[in-house]
Amino acid sequence: MAFYLIGYSIIFFIIALVIFIELVAHRIIYKDNAVMQRIFGHPLLRYSLRRVGSSLITILLAVIATFFLIRAGYASEMDTLCHQTQFGGVPISKLPPQLVEDVCVRFEKDMGFAGSPFEQLGFFLYSILPFPKTLCTTSFTLDSATGEYLMHVQDCRFFIMDLGKIFNTSVSGDQKEVYVIDFVFQKMAISFPVGILAVLVDLGLGYPLGLWMAKHKDGIPDKLGNAYIITVGSIPGVAYYYILLAVFVGIFSLPSVYNASDPLSYIAPVLTLGLAGLTGTALWVRRYMVDEFNSDYVKFARAKGLSENRIMGVHVMRNAIVPLIRSIPASVLFALLGSFFVEKIYNIQGIGNLLINANASKEFFAIQGVVIIEAFIAVIAYLLGDIVTAVADPRISLSKE
Amino acid sequence: MEKPIISVKDLIVGFYTHGKKVDVIRGVSLNVYRGETLAIVGESGSGKSVFTKTFTGMLDANGYIKQGEILFDDMDLAKVAKKSRSLKGKEKIVLENKDSNGPKPMSKKDWLKIRGKRIATIFQDPMTSLNPLFSIGFQISEVLIKHHHMTRKQAKEEAIKLLEKVKIPDAARRYRDFPFQYSGGMRQRVVIAIALACRPEILICDEPTTALDVTVQNQILDLIKELQQEYKWTTIFITHDLGVVANVASRIAVMYGGQIVEYGTSEDIFYRPAHPYTWALLSSLPQLGVKGEPLSYIPGNPPTFSSEIIGDAYAPRNKYALKIDFLKESPMFQISETHFAKTWLLDPRAPKIEKPVVIQELTKRMAAAAKELKREVEE
Numbered sequence: 001m002a003f004y005l006i007g008y009s010i011i012f013f014i015i016a017l018v019i020f021i022e023l024v025a026h027r028i029i030y031k032d033n034a035v036m037q038r039i040f041g042h043p044l045l046r047y048s049l050r051r052v053g054s055s056l057i058t059i060l061l062a063v064i065a066t067f068f069l070i071r072a073g074y075a076s077e078m079d080t081l082c083h084q085t086q087f088g089g090v091p092i093s094k095l096p097p098q099l100v101e102d103v104c105v106r107f108e109k110d111m112g113f114a115g116s117p118f119e120q121l122g123f124f125l126y127s128i129l130p131f132p133k134t135l136c137t138t139s140f141t142l143d144s145a146t147g148e149y150l151m152h153v154q155d156c157r158f159f160i161m162d163l164g165k166i167f168n169t170s171v172s173g174d175q176k177e178v179y180v181i182d183f184v185f186q187k188m189a190i191s192f193p194v195g196i197l198a199v200l201v202d203l204g205l206g207y208p209l210g211l212w213m214a215k216h217k218d219g220i221p222d223k224l225g226n227a228y229i230i231t232v233g234s235i236p237g238v239a240y241y242y243i244l245l246a247v248f249v250g251i252f253s254l255p256s257v258y259n260a261s262d263p264l265s266y267i268a269p270v271l272t273l274g275l276a277g278l279t280g281t282a283l284w285v286r287r288y289m290v291d292e293f294n295s296d297y298v299k300f301a302r303a304k305g306l307s308e309n310r311i312m313g314v315h316v317m318r319n320a321i322v323p324l325i326r327s328i329p330a331s332v333l334f335a336l337l338g339s340f341f342v343e344k345i346y347n348i349q350g351i352g353n354l355l356i357n358a359n360a361s362k363e364f365f366a367i368q369g370v371v372i373i374e375a376f377i378a379v380i381a382y383l384l385g386d387i388v389t390a391v392a393d394p395r396i397s398l399s400k401e
Numbered sequence: 402m403e404k405p406i407i408s409v410k411d412l413i414v415g416f417y418t419h420g421k422k423v424d425v426i427r428g429v430s431l432n433v434y435r436g437e438t439l440a441i442v443g444e445s446g447s448g449k450s451v452f453t454k455t456f457t458g459m460l461d462a463n464g465y466i467k468q469g470e471i472l473f474d475d476m477d478l479a480k481v482a483k484k485s486r487s488l489k490g491k492e493k494i495v496l497e498n499k500d501s502n503g504p505k506p507m508s509k510k511d512w513l514k515i516r517g518k519r520i521a522t523i524f525q526d527p528m529t530s531l532n533p534l535f536s537i538g539f540q541i542s543e544v545l546i547k548h549h550h551m552t553r554k555q556a557k558e559e560a561i562k563l564l565e566k567v568k569i570p571d572a573a574r575r576y577r578d579f580p581f582q583y584s585g586g587m588r589q590r591v592v593i594a595i596a597l598a599c600r601p602e603i604l605i606c607d608e609p610t611t612a613l614d615v616t617v618q619n620q621i622l623d624l625i626k627e628l629q630q631e632y633k634w635t636t637i638f639i640t641h642d643l644g645v646v647a648n649v650a651s652r653i654a655v656m657y658g659g660q661i662v663e664y665g666t667s668e669d670i671f672y673r674p675a676h677p678y679t680w681a682l683l684s685s686l687p688q689l690g691v692k693g694e695p696l697s698y699i700p701g702n703p704p705t706f707s708s709e710i711i712g713d714a715y716a717p718r719n720k721y722a723l724k725i726d727f728l729k730e731s732p733m734f735q736i737s738e739t740h741f742a743k744t745w746l747l748d749p750r751a752p753k754i755e756k757p758v759v760i761q762e763l764t765k766r767m768a769a770a771a772k773e774l775k776r777e778v779e780e
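Protein chains in written order, with this note's numbering: chain G, 1 to 401; chain L, 402 to 780.
Be a bit skeptical, because a hint or two may be false.
Stated by the list, open to error - Calculated cross-link-like contacts (lysine to aspartate or glutamate; reagent style EDC-like; alpha-carbon spacing at most 20 Å):
| id | chain 1 | residue 1 | chain 2 | residue 2 |
| --- | --- | --- | --- | --- |
| 1 | G | Lys-299 | L | Glu-668 |
| 2 | G | Lys-133 | G | Glu-108 |
| 3 | L | Lys-765 | L | Glu-668 |
| 4 | L | Lys-518 | G | Glu-308 |
Please keep in mind that the hints were generated in silico from the structure rather than gathered at the bench.
Construct the complete structure from the given sequences, taking the supplied hints into account.
What follows is the structure in structure tokens.
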């Protein structure tokens with residue numbers, strides 16, 4: 001009960017905060033309080049709220065689209081799926097027939113396939129929207145006295161977002177009846193360290209490389225950088241991954257299998273991802289720097305007597321970064337989603353191939369869950385991108401007028 | 402005569418374009434005196450901007466000083482350190498003026514001590530001269546911190562004072578504004594405030610009013626004039642608008658085809674012009690036209706420098722050209738103590754020619770134009 005209280009309090013608090021901010025910004029309350037106006041009436045805050053609002057609608061549309069796609073593909077397979085499923089480790093075929101029907105009806109209901117399409121959509125939205133809910137595991141025990149199976153409802157847990165369960169162990173590994181949301185987060189936690197280190201390599205080397213190339217435009221650094229970018233860009237992706245595998249494992253004798261506790265085994269996958277990513281980063285940094293470099297304000301900054309390094313590092317960089325900064329939150333958040341090829345090559349048990357495995361074994365809850373979480377991450381990434389761009393560029397008008 | 406603040410002697414500036422070397426400043430000598438307002442007048446492409454860019458070492462990457470000296474204090478600004486880099490790897494430009502005696506060559510660091518601090522420049526387009534992403538306060542303070550080693554707080558106070566100096570209302574509040582919030586005239590004021598921040602000895606104004614609304618032009622010119630009286634700097638005005646020049650300049654140099662063809666005091670140029678190009682420039686001033694007469698203009702195009710110029714660069718467009726103008730460049734003739742012109746017409750052997758009507762009636766028409774202007778102002 002306490003959990004429900006907390007959950008609904010949070011939802012209520014968020015709604016109250018939004019209303020409060022709108023009221024302050026419209027100068028209905030705290031009209032003359034300069035401090036309150038500055039904090040809660042700040043255009044950036046309202047801009048962000050508006051963007052969050054429209055993002056939520058986008059996510060909702062993505063979720064509804066996923067819902068219909070899944071229904072179209074899997075509605076007819078519910079019965080088969082029920083009969084393939086093991087409940088609490090007991091194959092359904094071993095259950096008494098009268099129980100099987102009960103179980104399958106319950107299964108269908110749990111899966112959200114019972115009732116009219118609108119009921120189903122309602123149930124589905126309720127499951128994934130952040131209303132607190134309780135979920136339990138069903139298990140069966142053989143009553144030795146009567147020789148009958150007994151159904152138990154146990155291990156009840158609270159959820160904010162319910163994405164269903166994974167039943168097939170070929171997808172979930174050795175875990176039985178794992179909740180999709182748990183499983184996706186487990187996998188993300190595995191993918192993320194490699195992904196985020198690759199992003200650090202990408203940005204940490206890509207930006208200086210682009211800057212260096214722009215500074216020595218048409219010079220040797222520029223030519224070297226271009227050669228590298230074109231080389232990496234022209235090799236097909238898979239070939240590139242295997243070439244780097246050969247280089248790292250064959251020449252530098254680095255471990256070819258990823259092991260979370262062995263820092264050395266991080267190097268190959270991180271560099272494989274990072275060195276490919278930085279080509280794009282460097283290319284765009286260079287392009288925007290060069291673009292800005294011919295601007296009048298650069299000439300004027302030089303006439304002011306500022307040093308070349310300050311002009312490059314402060315004036316030009318600040319302008320070049322505006323169009324680039326939007327993609328940084330996306331790079332960081334997409335690190336959560338891993339990379340299919342690199343995870344396969346270096347045997348990282350991450351999220352990269354989850355979608356493909358799930359599709360192969362018709363684990364539609366997993367498919368649905370991954371699609372929704374990825375949509376969620378993408379929308380948040382671009383939302384953050386818009387907000388940081390608005391922070392970086394004072395020319396962006398934050399109010400509707 | 403007093404010692405000039407900048408003394409240019411026989412300056413030749415070349416550019417390297419399309420695999421060719423062309424000279425766009427062809428032997429310019431000029432003295433600039435402390436406290437004066439010198440206007441350099443000429444058409445687009447006459448080399449007036451390039452000429453002043455050499456004072457701050459801001460020639461484009463493919464430009465180089467081939468010959469000559471620019472004496473400023475004990476420095477020779479024409480001597481550039483380590484300029485033997487290759488351009489696009491094709492040919493190395495070797496300086497002809499690398500004698501080991503005299504002032505040492507200018508290094509990158511030396512330039513940073515001159516640019517902004519001693520010689521400041523205001524450019525043509527205030528809309529783009531300011532960095533759009535930094536507040537105007539930041540852009541002024543930056544100079545103060547750099548050149549006067551102020552702390553951030555001191556710089557802020559000083560910057561607000563400067564904004565007040567250039568007549569930006571409510572300066573303290575405006576400190577945090579961004580350039581995009583301002584009109585062209587306001588931005589040019591900010592640009593002037595930045596130039597002012599360095600307390601320069603020389604202010605180069607590269608067509609500072611060309612991009613501005615006509616109604617704002619005069620305000621900006623008056624502001625520059627006013628501040629000059631207060632700060633006692635030397636102004637070099639680059640413009641193609643003789644109307645602007647008449648307002649501000651004490652001395653005028655007329656440039657054509659990379660050379661100075663005539664220079665003298667304002668009176669010399671406006672009342673006793675001697676070079677046919679100056680005549681043509683003055684004749685085409687709409688203010689001096691007479692109602693009913695068509696406006697006069699200079700036919701043809703300025704020289705392109707792509708082929709070598711033989712004789713007087715202006716000769717092909719000059720209806721007063723003599724035969725010798727096509728063969729041999731004229732020397733600089735001295736007309737009075739302050740007035741010089743580079744035309745064979747001043748040679749004693751030259752035939753007497755009839756000046757254009759406008760020039761003959763110059764005094765009369767000037768007076769009429771002034772009267773007209775006065776009436777307009779009164780209205």
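Going through the hints against the structure:
1. Lys-299/G to Glu-668/L: Violated, at about 35 Å.
2. Lys-133/G to Glu-108/G: holds, 18 Å
3. Lys-765/L to Glu-668/L: Distance of about 14 Å is within 20 Å: holds.
4. Lys-518/L to Glu-308/G: Holds - the C-alpha atoms of Glu-308/G and Lys-518/L are around 16 Å apart, at most 20 Å.
Hint 1 from the list above is the single one not met by this structure.
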